Structures are given as structure tokens and as C-alpha cells.
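There are 2 protein chains.
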Amino acid sequence: MDTIKIVKIKEDITSRNNARAKFIRENLQKQGIFYLNVMSSPGSGKTTLLTKLINILRNDFKIGVIEADIDSKVDAETIHNATGVKVIQMHTMGACHVTCQMSNDALNSLGIEGLDLVILENIGNLVCPAEFDTGATKNLVLLSVPEGDDKPNKYPAMFKVADDVVITKTDALEVFDFDINRAKENILRRNPNAKIFTVSALQDENIDKLAFYLRQEILNAKKSAE
Amino acid sequence: MDTIKIVKIKEDITSRNNARAKFIRENLQKQGIFYLNVMSSPGSGKTTLLTKLINILRNDFKIGVIEADIDSKVDAETIHNATGVKVIQMHTMGACHVTCQMSNDALNSLGIEGLDLVILENIGNLVCPAEFDTGATKNLVLLSVPEGDDKPNKYPAMFKVADDVVITKTDALEVFDFDINRAKENILRRNPNAKIFTVSALQDENIDKLAFYLRQEILNAKKSAE
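Residue numbers (this note's numbering), protein chains in the order written: chain A, -16 to 209; chain B, -16 to 209.
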């Protein structure tokens, strides 16, 4: 079997983007705001998970949400109706990722003053968003059971930039050939520092553990600003 | 809830790409080769479905496969071991889609003389590959049950370019809130001409119907070359 490698000449868009992202991150840090960038394939359960987490965390923290979509405003409405927190819908008009400039515009449109936590639900795409630093404090990546435990091997860039990985839809483990230990190994091979969680949003399994972890992260962000 | 729209200025890369793609398509047509571009999210079951289809179709047709991946050669090995047909692995080196130029290089590397069917398994990505015509005779898009029946609304471009849509993993219908009729409506709203199939590759359900349809398409391609 032959292997051909096709190299694409890329402009240095990403490095310019990343320099700007550093400014956003530092600015948010000064204000004690924790900015979470949530990424995954389409249909991995980002919106459902976020709804559950926000409904736990909103008792103690002021939360704002940026919903990035190519089209439609389904997710923004779902989150807004289910949680009542401030939500803004960003349409990327066909673009497959959120750049730092888009992220900055969205933060300004949302209005972040007084917020403790801002969540960006990125475009459903396991490839492109990994290349663009949004200025987020942390990147959280979802890997759903139906997708398969080999995805960290096939989409390495996304798992390299993930601070936290959440294995979702564990209620479907019986139906799919997904080995949690193998998934963890594959994730840690790409990123030995990744924190890994396993949840079922449908059955409310381990959502509290993830919420507890995020609570600490939000408090740390506030503390480091003082 | 506010909505902000972020317009990205795109170079006219896609229109140049599409002009070249027309040449590839016409050239293949003259040779009576049916070229199938298979696209979907990561983990929708492209490789499993293709393995099943190839094992039915290889009795009557000469088949070649191009596996496009960002990294790894897992899928190429799987297809090759399970079917014995000619497979070539293409690494896009981080690129999120297959351009017409990449497609052309891969066809040359594979060697298409004497083939009846060439299958391109595109990068797992429901966004970017939709923008790049690969020169394929037809685009086949997978939508897996765990992803949700709303995906045609959220990723409209992919379903617009799809000639055929295959709803996969129907064996998981009991576990997920997926309405096949709603999915069909959503697909047909984006693309009233799409042919829609529902399959479970795991349980060999309706694979024969899809194979029968592809058989007709391959024969039509041969006939139109004569």
C-alpha cells in the first residue's frame, strides 16, 4: 500500500492569530474571568453537556455563552431557554472555525463585565478549530462514545490543544465498540497532561464531578486576578 | 438574544478548484469510471460501511480506494485487510479537506486504468470538504444516528452538495432521540434531489439496497462512456 503525503502551503495566519489571542487571555485574566472554549465533532453532545453544567454553576457564578455556528440559532435558543443565562449567537457565515478576532468581537458583543465564566461553544469540527487559539483560558474537547476510541489518533491536533477531554454519551457504551481505557491511552499519548472525564449527560452521570472541577478553575481564575 | 454575523473574506480558491474538478470528472466519464466521494463527521461509520459495500461490489467490479487522512493510516489498512482491493493512503498534513489538485494527485498515484469504481474516503469533517469539488461523479454523505437529526440544519453546505445521503448506525435508534422522518425532512429541505438510504452496517441492514443502487450507478457510468 502506497502512502502519498500532500503538503499544503499555509500562510502564517495562525501565528498572527495566536499572538492576538495572548492579549485576550491576559486581559480576561486581569478581570478574573474564566473563558472556556468547547470543541468537538458535530453531534458529540456539546449543547446538552453545557446546559447541564450551566444549570449547576449558575447558582454561584455569573455566566455568559457564545454560540458559534455556521448557520441556524438552534443551540443558542436551547441554552437560553434551558438555563436563562446571557447567550449570544455568532454566525461564521460558512467559516469552519473561530479565529481570535471573531472571539474578540463576540466577547465585546456579549459584554463580559461582571461575568465569572464565559463559554464559547465552537463550530462542530474536530479539525480546523484546533489551529486557532481563541484566547480562551482552557480548551475542553468532547469525544463521544459513538465516534470511536481511535479518534485521538486520527485527529491529533485537537487532542494536543485540549486541556480537558470529556468522554460523552457513556450511556451508549453497550451499543458501541468503545474501550474507555484505550480511549484514555490514545488521548494521553497525544497529550500527557490532559485531564479526562467520562460523563453521560442523559443519565446525569459524573456531571457533578466535571462541574466541581470547573468550579475550582473559575475560583482559581478569580484568585489569580486579585 | 443578539446575533452577530461574522463575514470572512474568502479568496476565490474554490471557484478555481471547481473549474479543475470539471476536467477530472469529464476525463473519468470518458473512461467510464465512477468516482465516489464519501464525506461525513468523524466517526459516522464511513470505513465500516465502505468495507461492507466493497465486499459486495468487488465480485463484479474492479475497485480502487483513496483514503484521505490528516494523519495515521488506520483506515487504509482496515479497508485493505478486509477487502483486498487496491488502496492508497493520502496524508493531507493537517489540511481539513481534499482539494481537486490533491484528488488528482491521488488518482494518479492509485492508478485508475481498468478500474470501474474509485472511492475517495474524505477527511472526517462536516464543514470544509463540502466546499471543494474533488471531481467525483457523485458525493455520498453519511449522517449517523448518534449525531442527531438536526445536523442538516446546522451544516447545510454539506447536505446541499450531497447526491446521496446514508443515515448510518440505525441499530442505535433505541438509544438516541433521532427521528428518521425528521432527518429526511431536514435533508430534503437542503437538497430536494438527495437520495436517502438508512443502513446499519453492524447488522447488515439495507447494505444490499445501497450496493444495488451503486451497482446501477457504476453501470450507468460505463454505459455513458461507450
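Derived from the structure by calculation, the hints contain no laboratory data.
Here the structure is a predicted model, which is why all the values come from computation and not from measurement.
Treat the hints with care, as some may be off.
Stated by the list, open to error - Derived, one-sided and incomplete: chain B residues facing chain A with beta-carbon distance under 10 Å:
1) Asn1
2) Gly28
3) Ile53
4) Ser55
5) Ala59
6) Val110
7) Glu114
8) Gly131
9) Lys137
10) Asp187
Unchecked claim - 20 Å max Cα-Cα, derived EDC-like pairs, lysine to aspartate or glutamate:
11) Lys45/B x Glu60/B
12) Lys143/B x Glu157/B
13) Lys143/B x Asp(-15)/A
14) Lys45/B x Asp88/A
15) Lys5/A x Asp88/A
16) Lys5/B x Asp(-15)/B
17) Lys167/B x Asp(-15)/A
18) Lys13/A x Glu96/A
19) Lys167/A x Asp54/B
20) Lys56/B x Glu96/A
21) Lys56/B x Asp54/A
22) Lys121/A x Asp88/A
23) Lys56/B x Glu168/A
24) Lys69/A x Asp88/B
Even for Gly, the Cβ is constructed at its ideal location relative to N, Cα and C.
- Query: Looking back at the numbered hints, which does the structure fail to meet, lowest number first?
  - Reply: The structure breaks hints 1, 10, 12, 13, 14, 16, 17, 20, 21 and 24; every other hint is satisfied.
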